[in-house]
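Asker: Below, each chain spelled out in residue letters.
Protein chains: 2
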Amino acid sequence: MIGSDASIGYYWFLGKFQFFGFDGSSIMIVVDVLRDFEFETDSSVTLQVQLYQALKSRILTGRLTASTRIPSSRQFASSLSVSRNTVNGALEQLKAEGYIKTKQGAGHYVSDELPESFLLVHKKPDVSLLSKTVNAKGLGVSGFGCTVLGELVSDEVSNDLPIGVERVERSEVKNTSFEAGVPDLKAFPIKKWGQITSDNLRIALMGYDSPQGYEPLRRVLADYLRSSRGLECSLDQVIITVGAQQASSIALHVLLNEGDTAYVENPGYIGMRKAIAARGANVQGIDVGEEGIDITQLPSNPTGKLICLTPTHQYPMGGIVPLGNRLRILQWAATHGIWVVEDDYDSEYHYDHKPIAAMQGLGLKEQVIYIGSFSKVLFPALRLGYMVVPKRLVKACVAAKTYMSGQSPIIDQATTAEFIQSGLFLRHLHRMRLLYEKKLQAILEACNKHLSNVAIPIYSGAGMHIVLTFKSAVLKGVNDKDVVHAMNKLQIYGSALSSYYVNTPKYQGLVLGFANTDVSKMDGGIDKIGQAIDNVF
Amino acid sequence: MIGSDASIGYYWFLGKFQFFGFDGSSIMIVVDVLRDFEFETDSSVTLQVQLYQALKSRILTGRLTASTRIPSSRQFASSLSVSRNTVNGALEQLKAEGYIKTKQGAGHYVSDELPESFLLVHKKPDVSLLSKTVNAKGLGVSGFGCTVLGELVSDEVSNDLPIGVERVERSEVKNTSFEAGVPDLKAFPIKKWGQITSDNLRIALMGYDSPQGYEPLRRVLADYLRSSRGLECSLDQVIITVGAQQASSIALHVLLNEGDTAYVENPGYIGMRKAIAARGANVQGIDVGEEGIDITQLPSNPTGKLICLTPTHQYPMGGIVPLGNRLRILQWAATHGIWVVEDDYDSEYHYDHKPIAAMQGLGLKEQVIYIGSFSKVLFPALRLGYMVVPKRLVKACVAAKTYMSGQSPIIDQATTAEFIQSGLFLRHLHRMRLLYEKKLQAILEACNKHLSNVAIPIYSGAGMHIVLTFKSAVLKGVNDKDVVHAMNKLQIYGSALSSYYVNTPKYQGLVLGFANTDVSKMDGGIDKIGQAIDNVF
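Just so you know, the protein sequences line up as chains A and B, in that order.
My numbering numbers the first residue of the first sequence as 1 and each following residue consecutively.
My numbering numbers the first residue of the second sequence as 538 and each following residue consecutively.
Please keep in mind that the hints were generated in silico from the structure rather than gathered at the bench.
Predicted, not measured: the structure shown is a model, and the values here were computed from it.
Treat the hints with caution; some may be incorrect.
[As the list claims (entries may be wrong)] Within a straight-line C-alpha distance of at most 30 Å, the following computed DSBU-like cross-link-like pairs (lysine-lysine) qualify:
#1 A:LYS101 / B:LYS632
#2 A:LYS191 / B:LYS723
#3 B:LYS1043 / A:LYS191
#4 B:LYS640 / A:LYS395
#5 A:LYS476 / A:LYS449
#6 A:LYS438 / B:LYS632
#7 B:LYS728 / A:LYS95
#8 B:LYS891 / A:LYS103
#9 B:LYS932 / B:LYS723
#10 B:LYS723 / B:LYS986
#11 B:LYS632 / A:LYS439
#12 A:LYS438 / B:LYS728
#13 A:LYS506 / A:LYS439
#14 A:LYS354 / B:LYS632
#15 A:LYS186 / B:LYS729
#16 A:LYS354 / B:LYS1026
#17 B:LYS986 / B:LYS932
#18 A:LYS101 / A:LYS186
#19 A:LYS191 / B:LYS728
#20 A:LYS186 / B:LYS891
#21 B:LYS1018 / B:LYS986
#22 A:LYS192 / B:LYS638
#23 A:LYS354 / A:LYS481
#24 B:LYS638 / A:LYS354
#25 A:LYS471 / A:LYS481
#26 B:LYS723 / A:LYS192
[To be verified] Which chain A residues stay away from chain B? Per the calculated CB distances, all over 10 Å, these:
#27 ARG84
#28 LYS103
#29 TYR109
#30 HIS353
#31 ARG383
#32 LEU451
[Said to hold, decoys possible] Now the stretches of chain A that chain B is said to cover, found in silico as 3 or more residues with beta-carbon under 8 Å:
#33 176-183
#34 253-261
#35 499-507
#36 527-536
C-beta: ideal position from N, C-alpha, C; glycine also.
Modelling step: build the complete structure from the supplied sequences, incorporating the hints.
Answerer: Shown next as structure tokens:
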């Protein structure tokens, strides 16, 4: 019974009559505005925070007005059937944040220093203050924002997960049957990986590192790329990125202005095309043939600034650009001052012979930005990519990375460095090469058995996926995106070939990853694709 | 002695006379062009790869010309004193890549299908093909590239490591004395962290995940932000990023067009300013006072599109924006359609009372992009940040992240989620709060003892750093960047206050982190700063 005007009474509160002291008007008001409040006893939020939030929101919305007196903590605690500590904690926080004030000897009051106009306007949120930010597009976002939204929408039917945002739910190793770009996850030596991680854990406590990447990783990576991929590079030219996607984004930002044109393979990797569009640049497709990009289609008076290639295993069609054409492309690029972005995404998996060396190592390396990823050779969730850039571009690319995202996480970089250094990496690659070669045979046999009348497989002795093109004479009018939808219903993934094309698709068909599907399940899976096609046809 | 024209002879090769068969002219040529070649026996590159590289580079530079016959592997092996397997491996690779061809029954020849013009041009690299790409700036990079390079150069004297690219060499826990933004690394429960990582390792094998972030992490984070920071948000509005820097970059890309203006605190966080410049937008500074940003300086007819704030602990000056001003800023922003980017970078560390709740939770959340980071509360090398965006911006921001870098690495996300979920996170925060409060006292005492005649400490009861402003009357003409250089020589870090200013710095001084310096070393460290100032003065 604090305060001279305190009295005693009953009040209908929280569903029952309660006995408590109150001090004239103020507690009536406070109790009244808390009438719609109930503690959520099963919430993870403490009672103290719940009370704090309830009072705060009522002050902010003007339901508790300036100078209203707050009941004493004892009154409050009693009326709410909670401890005084709970109430005191909430009141202290409100005081610290400026919602309530203390008058000496007279308890707490709602602050009279809050801008009343805000509280009033906020009370009626439908008299929207927000009109100005809601522009023509209804969002108030930038041109970039509209572009990426547009790209996203146009991509919604695609199932190309490496770049997609479609499938959110996932945990542990799941069914990814025929999803392109996913390696054999069960075959990854995750225990060894975990051991190395544990051994290197203290690296995590090194503080901030260089945005260019963890030096020991850049060193072993440069060694590996020189010896296995024929690159001419030093560790100073290697930049570690968040997947190959960030490497592409950095290259496109540093080398293109908005409105510039970039040449891409058609059909080609969707992620690159999206990144170019997000950069505000234009995409011009150049058709691919059996030997990768068709060099007779390279414009003789090019206006583009950059060309993106997957010369060692064209994505998705699988062609391998022969040496002579590589040199001709480089010569064309150098003559016209065009940058070459070489995406070497799954170059490690060639089954007939060692993979052909990268274009970066063919002599005009000042013209070439080389991009690679550990997603396919280790595991996608690692999300480590890299780029090797001409010396004169290192500073600009590192600066771009600095302001776009800063350094990359350390622990995974350190683990990857030791995984390579210790020889485990090459051993893993070797095992996977043998395994995937068998899987390639198995998927081709299954396609031959179940789909030979409707589709033609396209593949080289390389990579982790095949392409099936539909026989248009047989599957008249069948849309490959419909087939993918029908496949998904049968829990079979894979992508629609048409979505890889810049404009009108030349073929309808499927891009099927085979690396993360057991040999024993290949036949049944491909049989289901046959069913899916039947369901659509 | 294969081939009808084979004969036998001696040849001066690799430093000694050697006996071998040769077939007329061809081996002479091959041996001749290999005259400057020696195996590096101590190299990590195999002999086979070395031989492959030597022959390849000689073909590419035109020293081995089209149709030159390659000696048999036996001849080659004998002349080079290596095994035939080594030679065969190298020749097979050259054949696979198209450098050499086989004529039936007549051995290997240098391919005649390589574009001769390339080889000739390449032979004389000084007749540069590259002239066209080397533009006025000498690099051929985009406007963006020039901008980030410019920002980098202007930043070279700064020691602000969270954004810096300066210090590359580092491993394990190192001396980071007084470096701002580094938490107490030795106090981090790294063993527990490692255990959780091990337990969750199989998460790594889940394949591709959503670019928005690992759902369990978004869920616990949304809970935490609601209960501890007063946010109004659901997990659908949370986006996991590569540090707060990527969150800033995404927000700036989605909300600003090139040429737009953004308001920043002056002095303020360098990384944000750089990210705005990298976006091609203009920066306009608004002075800060003791209570954070000076709201009387907010333009009444603003032309800017966005304002960046650190309201809960102004970086670097430490002011805390009181509730009334928070509401006034929000009202101003909503009235003029200005986005508020709220960087809540070290809000967890307030020592007098619970930190004041975030602006995002004050009712006009549609206007606010909230950004946070685990760098300060866990460890910087983790490189996990997050943003909470209005529902209508989620799609655009996720699309931006998708095309800029795609998903974030999984393992660290899963470990962080469990670290929070298990209660270890709050316990760690609590311990650190007690620890840092002591460190704050210690650094203030040390400054009082050693620097009171030259500098005034500025701090609030919060955060992980203090600011010292130089007494200009005493330290006439002393440049704080020179002081930092002198400090670095004594292995003391910390940043120059002047580098945080948009234009002319109002104060010269130092920004000193105290979280990663032992209490026992505080006095000695600050004493050294006194020496450094003496050395410069």
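Asker: Confirm or reject each hint.
Answerer: Comparing the hints with the structure gives:
no.: 1; hint: A:LYS101 / B:LYS632; verdict: 84 Å, violated
no.: 2; hint: A:LYS191 / B:LYS723; verdict: 27 Å, holds
no.: 3; hint: B:LYS1043 / A:LYS191; verdict: 56 Å, violated
no.: 4; hint: B:LYS640 / A:LYS395; verdict: 48 Å, violated
no.: 5; hint: A:LYS476 / A:LYS449; verdict: 21 Å, holds
no.: 6; hint: A:LYS438 / B:LYS632; verdict: 25 Å, holds
no.: 7; hint: B:LYS728 / A:LYS95; verdict: 39 Å, violated
no.: 8; hint: B:LYS891 / A:LYS103; verdict: 21 Å, holds
no.: 9; hint: B:LYS932 / B:LYS723; verdict: 39 Å, violated
no.: 10; hint: B:LYS723 / B:LYS986; verdict: 27 Å, holds
no.: 11; hint: B:LYS632 / A:LYS439; verdict: 26 Å, holds
no.: 12; hint: A:LYS438 / B:LYS728; verdict: 41 Å, violated
no.: 13; hint: A:LYS506 / A:LYS439; verdict: 28 Å, holds
no.: 14; hint: A:LYS354 / B:LYS632; verdict: 11 Å, holds
no.: 15; hint: A:LYS186 / B:LYS729; verdict: 26 Å, holds
no.: 16; hint: A:LYS354 / B:LYS1026; verdict: 51 Å, violated
no.: 17; hint: B:LYS986 / B:LYS932; verdict: 54 Å, violated
no.: 18; hint: A:LYS101 / A:LYS186; verdict: 61 Å, violated
no.: 19; hint: A:LYS191 / B:LYS728; verdict: 18 Å, holds
no.: 20; hint: A:LYS186 / B:LYS891; verdict: 47 Å, violated
no.: 21; hint: B:LYS1018 / B:LYS986; verdict: 23 Å, holds
no.: 22; hint: A:LYS192 / B:LYS638; verdict: 43 Å, violated
no.: 23; hint: A:LYS354 / A:LYS481; verdict: 35 Å, violated
no.: 24; hint: B:LYS638 / A:LYS354; verdict: 16 Å, holds
no.: 25; hint: A:LYS471 / A:LYS481; verdict: 15 Å, holds
no.: 26; hint: B:LYS723 / A:LYS192; verdict: 26 Å, holds
no.: 27; hint: ARG84; verdict: 18 Å, holds
no.: 28; hint: LYS103; verdict: 18 Å, holds
no.: 29; hint: TYR109; verdict: 14 Å, holds
no.: 30; hint: HIS353; verdict: 4 Å, violated
no.: 31; hint: ARG383; verdict: 4 Å, violated
no.: 32; hint: LEU451; verdict: 25 Å, holds
no.: 33; hint: 176-183; verdict: holds (count 4)
no.: 34; hint: 253-261; verdict: holds (count 7)
no.: 35; hint: 499-507; verdict: violated (count 0)
no.: 36; hint: 527-536; verdict: violated (count 0)
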